[in-house]
Amino acid sequence: MVILRQQDLPYLYPNGPLVYHLSGLDEGVYYYVRATILSDVGMSNETQAKNQPMATQQISEPPTDVSLLTATTHDDEEITNLTVSWLPPTSDGGTEIIGYRVELWETQALTYEVQQIDLGWPASSPPDSGATWNFAFRGVTSFGLKQDVSTINLRDALMNLNNETDFPIGYVDVNRTGDGSTGYTYLVTFMDDSRNARDEPLLQVDNTFDDDDRTTTSSEITSGVRPEGANEIQVIESYGTGSGQRGSFNPDDSIIRGWWRIKFDGSAFTIYLSSEASAADVEGALETLETVGDVSVTREDGTMEDGNGYRWIVTFITPVGNLDPLEVDVTFLWTTNSDAGILVSDGDNDVDQFGSFSCPACQVGETAVGYVYADTDADERDYTFEGLTTGTEYTAAVSAITKFGQGQRAYGAGSGRTYTLPLFEPSLPTEVSSSVKTWSDEEGDDGGDNERLIVTYAPPYSTGGSQIVHYRVELDVDLWFENPVAETFQCPGTPEYAVWTVETGATTTNGTINGGYFELTLTRNGQELTTDPIPFNAVALSKEEKPADLITNSTVHCTYEDGDNRDYCPTFRVQSSGSMQSKVNALSTLTNGVDVSRREIGQGRYTWSLTFLDLEDDFDLSAGDSAQYLSLKGPGTQSNATSAEVKVRKFQAGLVHDECHGDMVVPTDGGLEQGQDYYARVFAYNRVGFGEPQVATDPSKPTVVPSAPDNVYLEVSDADALLVTVYDPLDDGGDDITMFTIEYSLNSTFNQSQFDNITGLDGGEPYYKVISGLENGRTYYFRVYAHNSQGQGPYKKSDPEFEHPYEEPGQPTNLVYKTTSNNELTLGWDPPSSDGGDDILYYIVQFSTSSSFSSFLCEGDDSDIDGAKVLPYHTYYTCQTSSGTVYARVKASNSMGDGLTKTPSPNYAAPSTQVPGKPSDVTLVASGAVSGNYSVAVSWNSPVVPYHGYPCYGNDTNPGDCPYTGIANGGLTISSYTIQYSHNNTFAVPPIYTLGNLDGSSTTITNFTDLNLTESIYFRIRATNSKGDGSYCTETGIGCSSGTLLSVDF
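When you number the sequence shown by UniProt numbering, it's gap-free, plus one each residue, and the end is 1050.
By construction, these hints were calculated from the structure, which means they are not laboratory data.
Listed below are the simulated BS3-like cross-link pairs for lysine-lysine, each with C-alpha atoms no more than 30 Å apart in a straight line:
1. K647 with K633
2. K818 with K869
3. K146 with K543
4. K263 with K403
Simulated restraints, written as ranges between beta carbons of each label pair:
5. A937 with I992: 18 to 24 Å
6. G526 with E673: 47 to 53 Å
7. T494 with D382: 34 to 40 Å
8. P963 with N1012: 43 to 49 Å
For each residue, glycine too, the CB sits at the ideal point set by N, CA and C.
Work the whole structure out from these sequences, hints included.
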């Protein structure tokens, strides 16, 4: 029971309810409350509280034993999860825990603030050339800037902005877009980690363009976030005037009197707070709102309305991020002057026109980079975050959740507050195999490679959390890999950038460079651009440039522009300010610029190393004669610019690597032994190191197609087949010969070919193949290819290069066997109907007195042949013999051999005298057509072809002479010749004139009585011996068989 005096209790509002705060109660215990009035008369009846019982409650204390754990080893996956575990808090704040909130964020990551400045105007009405604009930031205003100020000079103005003691803007990067016809847009990135790594207030821009259509605006593109973010800070300040005393025990005695309350983000209001509420009162009240988590509140004297009120500075530990402003109810807050109020200032970076904070104590909340959270059930004691980034440091916090919302955070103890997901070596490369390298179309004939192999592999299942830098491929003749052939394949993600060095020096050994500048000229993409002057001692990087309160002393890069900027960027400052990086990056032919390091080598001399970040190697850097602008001093010397020098050298060529996995040629430059088996293994490498190797299942050996077969022989097999004999090539290409391909064609160009193969080579060389089904007698060209696992090698022509299938010829046809004289017999024949597919080389004619041909007559000079050898263009042969009955036969022979013999029918004959043959070579010469003395001179030779009409030798077209004189005369002497002539060519119709008993070999005929000399006169002549008359010769020619009749015309 508590007895209170009425005068000691404040009113909720004038003449309203009295207010009393109970204290010293036990947390979580439910209490009943009643009130009675005590007067001089006595005690009234009690009045029960309407909403009793009620317990004292607050947000939960932090959980305990928080730890961060993840796997310490990995198999084939990267470790991208993190488990946070905890135990319940020692105190739940007097109310039931309904869950836990687990929060996680990246510890070190930050986001740079990016702001945009837009200058705009109509294309038809641009600003005057003298028009300027400026910006303000944190209470400091810049000087006027040209309407088309360059990015270099805007950056210069930003970094040199100062109030003589403070430079609010650190290192920035500036980009510009737009062609100026309707304005420009500038993007400003705040990149100073220590000075501007936060959500910065907006740059305030103003202009002197003096036209409503010409505008200057600024906006935030990306809010900056410092590492681990930032707590939202809001300020609640009470104000008012009147009688009373601030700090009175009874708020009704204060200047600002009464009660107020707060709500946040849609919550109900807190309990009423006294105008004299302490920081703890406000903090405790806020933490009873379910939309508010853990806050910290401080109180200080107010500054508004003569400082009669208080400022409660509220720092939100939770929730995180940029929050909505608190809302207050001041219905029951009052002063004697009725001007009481409360102002809530949000952390929204609100600034005035000069960029000064409207609430310097406020702070906009920043959500940490990578922030995520999860709410669990009350009985959960751990939670696993997945999909995180390896190698990244994370911070985790756990809070209990009650009906009052998120409780106090708990972190891991000591170094366990954060955890970096580990990086490991990569796991095994996958799908590793080796195979023979075949030539590409550009390299050759797709026939294999005798010094290199293809090693195929795919990336590992796990990179270990770090990018694969390269793969190492090893080949060795055994699985121990004690002496491997190795090659490294760099990955595209790790290019080699072009690197150039620039070094200043002096031709005099002891000379010291003490001032001046030089210039660099870059030739690229057909353009030659020269930098602004580079100070002799230029720092390497843009972020190393230093501002100054007097801008002309600044080393921040500036450049001269058309117009008047000489006040803040005079010539000497252009020559003495700016980093090597800024000066080179200003060249428009570079996209990604350069990275620069600097080494001081003494006596005012430096070496700069420039790494070009564009992925090419088309840079040509020089200093020209700009060394003349350097100042050089030394012992005993005067300033002598010509003694200084600038050396520019290319240190490393730029190279973008091809794909580092897949089908890789190893070793690139060759050197393996053809036909030797090599085992392959592959390692993956990241920044942690090499992973374990994966070995290919089977070895491979460098192999090419074989050389041509050593020898190929071609011969006839039979009438429609040829035999091919093949020998192994001298070079098998490094692998077993598996097959030979035989190509054959009817022409030497092989434009229409047929193919056959020789397989089954186990028996060893030589290898045989009969090519059958060929056309008898046709010529075929042959060539042969050897095969191994890589395919077909070059061909070898056969020896001979061509051949035709054939067999022995058939029998001669149309045989005739005649008695020519008393000591000659003549055998005649026609060629066989088939020559066997080969030319007839000769005929063998056999004569014998025996029907069994046990002995032979008329044999030739060839002792290997039984009989006479007759050349193929002869179809007659005469045997000189005086024997009785003689038998005859003949056979043809070609390259294959002798055909079957053929006998005439009858097959025998006996020598005897015969009538003579026809006179030969008869000629007629007519004369007298002019003189009227008509005559015909007739001349002839003795017979050449015997009476039977078959030559002794030769053939019908070209008959040969009989071997001895008189044979064609029938073996007897010709006694006379008889000539007949007539108008009738058949000599069947008179008149027919005959001149008989002629001797010699010519005569002249003059008697043409009863003949019509205007008509043709036909002649014929015959020979006669003692045996009788021969046949008439009626045609010209040696055998009287030319087809031309003997005739004359006068």
